Each structure stands twice: as C-alpha cells, then as structure tokens.
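Please put together the full structure from these sequences, using the hints given.
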Amino acid sequence: MNISEQKIREITIEVLKEFGNNISPEKLREEVYKRIETYIEKPAVTQNSMDSGRVIVTSYGINRPGIVSKISTILAEANCDIQDITQKILQEFFTMIMIVDISNSPLSFKELHDKLAKVAEELNIKIMIQHEDVFRSMHRI
Amino acid sequence: MPYEFEEILETIRMTQVEHFDIRTVTLGINLRDCADRDVNVICQKVYDKITRIAKNHVKIAQDIEQRFGIAIANKRIAVTPVSIPFDNLRKDEFIKIAETMDKAAEAVGVDYIGGFGALVQKGFTKGEKELILAIPEALASTKRVCSSVNVASTKAGINIDAINLMSHQIKETARLTAKDGSIGCAKLVVFCNVPEDNPFVAGAFHGVSEAEASINVGISGPGVVLQAIREAGKVDLRQLAEIIKKTAFKITRAGELIGRKVAELLGVEFGIVDISLAPTPAEGDSVADILEAMGLESVGAPGTTAALAMLNDSVKKGGLMASSSVGGLSGAFIPVSEDAGMIRAVQRGHLSIEKLEAMTSVCSVGLDMIAIPGDTPDETIAGIIADECAIGVINDKTTAVRIIPVYGKKVGDMVEYGGLLGSAPVMPVRNLSSKEFVLRGGRIPAPVRSLTN
Numbered sequence: 002m003n004i005s006e007q008k009i010r011e012i013t014i015e016v017l018k019e020f021g022n023n024i025s026p027e028k029l030r031e032e033v034y035k036r037i038e039t040y041i042e043k044p045a046v047t048q049n050s051m052d053s054g055r056v057i058v059t060s061y062g063i064n065r066p067g068i069v070s071k072i073s074t075i076l077a078e079a080n081c082d083i084q085d086i087t088q089k090i091l092q093e094f095f096t097m098i099m100i101v102d103i104s105n106s107p108l109s110f111k112e113l114h115d116k117l118a119k120v121a122e123e124l125n126i127k128i129m130i131q132h133e134d135v136f137r138s139m140h141r142i
Numbered sequence: 036m037p038y039e040f041e042e043i044l045e046t047i048r049m050t051q052v053e054h055f056d057i058r059t060v061t062l063g064i065n066l067r068d069c070a071d072r073d074v075n076v077i078c079q080k081v082y083d084k085i086t087r088i089a090k091n092h093v094k095i096a097q098d099i100e101q102r103f104g105i106a107i108a109n110k111r112i113a114v115t116p117v118s119i120p121f122d123n124l125r126k127d128e129f130i131k132i133a134e135t136m137d138k139a140a141e142a143v144g145v146d147y148i149g150g151f152g153a154l155v156q157k158g159f160t161k162g163e164k165e166l167i168l169a170i171p172e173a174l175a176s177t178k179r180v181c182s183s184v185n186v187a188s189t190k191a192g193i194n195i196d197a198i199n200l201m202s203h204q205i206k207e208t209a210r211l212t213a214k215d216g217s218i219g220c221a222k223l224v225v226f227c228n229v230p231e232d233n234p235f236v237a238g239a240f241h242g243v244s245e246a247e248a249s250i251n252v253g254i255s256g257p258g259v260v261l262q263a264i265r266e267a268g269k270v271d272l273r274q275l276a277e278i279i280k281k282t283a284f285k286i287t288r289a290g291e292l293i294g295r296k297v298a299e300l301l302g303v304e305f306g307i308v309d310i311s312l313a314p315t316p317a318e319g320d321s322v323a324d325i326l327e328a329m330g331l332e333s334v335g336a337p338g339t340t341a342a343l344a345m346l347n348d349s350v351k352k353g354g355l356m357a358s359s360s361v362g363g364l365s366g367a368f369i370p371v372s373e374d375a376g377m378i379r380a381v382q383r384g385h386l387s388i389e390k391l392e393a394m395t396s397v398c399s400v401g402l403d404m405i406a407i408p409g410d411t412p413d414e415t416i417a418g419i420i421a422d423e424c425a426i427g428v429i430n431d432k433t434t435a436v437r438i439i440p441v442y443g444k445k446v447g448d449m450v451e452y453g454g455l456l457g458s459a460p461v462m463p464v465r466n467l468s469s470k471e472f473v474l475r476g477g478r479i480p481a482p483v484r485s486l487t488n
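From first to last, the protein sequence lines stand for chains A and B.
Going by the numbering used here, 40 is the number at position 39 of the first sequence; the sequence numbering is gapless.
Going by the numbering used here, 415 is the number at position 380 of the second sequence; the sequence numbering is gapless.
These aren't lab readings, by the way, just hints derived from the structure by calculation.
Note that the structure is predicted; figures quoted are calculated from it, not measured.
Hints should not be assumed to be uniformly reliable.
To be verified - Label pairs and their computed distance ranges (CB to CB):
(1) Arg65(A) with Glu332(B): 43 to 51 Å
(2) Ile14(A) with Asp68(B): 41 to 49 Å
(3) Lys111(A) with Gln79(B): 31 to 39 Å
(4) Lys89(A) with Gln274(B): 42 to 50 Å
(5) Ser104(A) with Arg87(B): 32 to 40 Å
(6) Ile479(B) with Ser53(A): 53 to 61 Å
(7) Asn80(A) with Glu141(B): 23 to 31 Å
(8) Ile14(A) with Glu304(B): 24 to 32 Å
(9) Pro463(B) with Glu93(A): 49 to 57 Å
(10) Gln274(B) with Ser53(A): 55 to 63 Å
(11) Arg65(A) with Arg265(B): 46 to 54 Å
(12) Ile14(A) with Phe40(B): 18 to 26 Å
(13) Glu304(B) with Arg10(A): 35 to 43 Å
(14) Asn80(A) with Phe40(B): 25 to 33 Å
All C-beta atoms, glycine included, are put in the ideal place defined by N, C-alpha and C.
Right, dumping it as structure tokens:
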C-alpha cells in the first residue's frame, strides 16, 4: 500500500473532527480504513516523477515585523498550501522553515522562486526554495 | 514536520557555507557512428551529433540546480576516444576534429569537452599514433578540448614506448602554450587503468562499453567533510571514520538525485556517481585542510599517507551505501594547484613530489596539476609517469599524471591559471637521470596477481 504516515495522520484527524473526540476506537479504525481505501483508489496526482509537489522554503536573517506575513501572502496568492511551519528566533536572528505544496499553483517553480527572491531583497533576508526530494534523499534512507 | 529542523539547516549550511556542490554533470556521447573516409564529413557529423544531444544539457542542469538549491559547478561533455572511430585519419585531420569538438562545445555552452584521446596500454594503431602526434597542436589551438591517453593497465602492463612519446608531447604542449603558463598541459592526462565512466575533466571520455549517451555525475564536498571533522572534536580514528562515512553518504545521495533528474530530463541513461572529494582553490574547500583537521601539522608530515588512506576509504564506504551506481575515479583528489592547502604546503617546503607520489598509492588518482621546471628532461617526465603507472598496475587502481613543465619557469615561481585550475608553485624535481632506463623502450609485462607482498 502506497500511503505515507503523514497522510494516515491527516485522515485520522479528519475523522476525529467529523465524529468528535468521543468516537469509539473501533469506529475510528473502521472509518480510517475505509477512507484509506478510497484515498488510494484516486489516481495519484503527480505531473511527472519530478514532483512530489512539495517544496521547502527556508528563510533566515535579522528579525523584523511582517516577515511571515509577507512570505505567506506570496504563497497564498500563488495558491500554494503551507502544510507545516517551524520557526526559531535566537536574539535578533530568526530562521523559518515551511513545507509547502505547490502542485496546485498556477506558477512554475521558477516564477515562485523569482517572486520569493524579490521579497527576500525587500526584507533584506535570505529565502531559499528547494524541492523536497533533496532533503528526503539526504536525510532518509 | 517530516524533517527535523536541524536536518534542513544542515543541508542549507552544506550548500551555502561549506561549498557543497555537484562538481560536474558530464554528458557522455558516443561518436562511433560518425566514421567516414572524408574528414569534412566526419567533422559535420561530430558537430551535429554533439550539438543535437547536448543542446539542452546546460539549460536542464541549471533548471535542476535551481530546483534543488544545490549548485552544479560544471556542465561538461565527454565523447568516445576519437582515435577509436576515426582510426583512418592523419595528424592534421585529427586537429580538425579537435577544432570541431571545441566549436560544438562552445555552441552548447560547456567549458570543457573530454575525449580527444587513445587507449594504448599494449600498443599503438596507426591512427592512435597520429592522434598522439596531434595532441600538442590540438590543445594549443582549442580552448575547451581535453585529452587523455591510457598507457598502462594491470592486464597489459606498462607501455614505456607510449610513455616516452607522451612525455615528449607534454613538453611540446607546454612549449606551444608557453604564453599562458603552459596551460595546455592542464588539459592533458596520462592514465593507468583509466575508468570508462569518469565524469571529471580532463580525463573524462565516453568509454566504448557505454550506452549511446549517458549522464555521469561527480560530486565534491571537501568543505562539508572538513566541517564535520572539526565539529567532531577529539574523537578516536574509528569514530572519525564513521563521521566521514555519514557525510559522504549524504552528499552522494544528493549527487545521485541530481544525476538521475538531469538524465531523465535529457532522455539519456544515468551512468554513475563519482564519489570524489574534489577540492577548489576556495578557502575551506581543500583536501589538505581535511588532513590537517585530522591532526597533521601540515600535509606532507609523516602520517599523511595513512590519514589520506583512511579519508579515501571512508568516503568510498559512505558513498557505496548511498548509491548503487558508484563508478569513475571515486576517492579524494590531491591536485596541487586547485587546493589552497596543498599550495601552502608546497610553498613552505612541506610537500615534495615523492611524498605526493606516496599519497597517490592510496588516493583516487595521481600526480595532478603539478608544475615543474620547464627544462625538466623528457626522460625524467617519463620516469615520473612510469613510477605512477607502476603504482597503478601493481595495486590494480587508477593512477594518472597531469604534470605541467611550465615553459621558461624555475623552481619557486608561481603560475596563475585562474578559476578552478588555481595557481601552481613550480616544484623541484630530482636532478637524477632516468634516461637509460626509459629509453630501453618496450613494455613492462603485466604483473602477477598473487604473492602480493
């Protein structure tokens, strides 16, 4: 079965939301299994083997108000889905990592890259956008 | 989050701070179907084929570079050793082929094209001899063409006649490119046990057993390994080996990913990842620095060969786990001019050609980018090459010599090449004659493969 743990977790949360936290474990298991079945029946959305559709956006620099807002606005306008976000601030420096699904975006990777590069320049920070695959291959066996 | 915060930052740090890049993505192209009796027809066919297959090579590599955020330092081409399909040509005609390769490389935007070479470990065909005679002029009249000649192998022994001829051609190349610091010699390698899928110029060519076209990738990452060793602090050598292995694993995986994607987009076969530590003149991107971080006062100190052996072996072990298609030269390179730490050691008198030779018995290639006085006799160069071949033949490994007898320069002078080729201090060579030995000519027979003491 080709389904990631991440996806199973999402499905479970979805079920919990629908049925509330009082759902019995048996019912939960049954419901989750059912949805997994229907999920994998859908054709996988991949344009080609190149794309898991997710990119990792890393930004760092001197902290100032409005950085998260600026970056997420660009991503929202491009119809990108921010799936996860982590941020750390050490004194005046901040580092933020976002996992973003760009498969539904009308913009190409390059267009998105260029837009973020412009924002980086405006805010005087560094923004990197990299395909998820490179992290998977370097850090996961 | 599917990845740890630290993991993502580690990759970013490797690429942004520690000079981790893909050193080269080399597109191999078969030229064996370009044969003809008329050299002009051959040139047309060669030009058309290279420009057709490599048309998008640079563009695709740049695209992948951006997508993964890992720089690809060089996009290059390797072709079938031209002496093989065009064995009927004469010296002047081979020079025309080199000029055509140069033009084709320029047209598709690559900086070097390898494959102007021959495999003569056992003997010469007529065409191969003509090609070798054409090398000095071919390298002097082109900018991008690189040449390599294999003169020895464990199976065939050492062809001393070929070595003598090549030594002369090296000197001649140095003379013809004298005004640029004899740079022609930086594009000429003499090999023993040459691999057919090496992506690294100047020794790259598309082997006869390769597919129609293929992508081979050379990774590089001395800076990353250096940082890992520095961070490890005081640990014993076994733990240090473990750290090097883990680092090599990560960079090899990234290399394989990028190679596969480029090959997929170009529609050609993916060949191999060459897991080499290739230094650049940039500060911190040095193999010598790694050896020093391991605890040596300077590269050249007693213990250098042992440290290099361990480094080389650990890199291979980590890389082999990471990729099922490891090939090429795979190991640590120790070029002098391309490595700031090596240059420093030579200038301070810590590193001699003899010590470098000892190091080549455990590292991936050989005497690489070493400048020597321009008046070094042909026979002495032949002796150096023969020594290097002996190490390769007996130990069943690839060795090579890329030596630059810089025309008009003396020991202690510096020669600037710029870019990745760096700058080379002219090193002293022992003033003892090898003449009567090498001028005996003939071939040193293939060695016995047992009783290996």
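- [ ] Return the numbers of the hints above that this structure violates; sort them in rising order.
- [x] The structure breaks hints 2, 4, 7, 8, 10 and 11; every other hint is satisfied.
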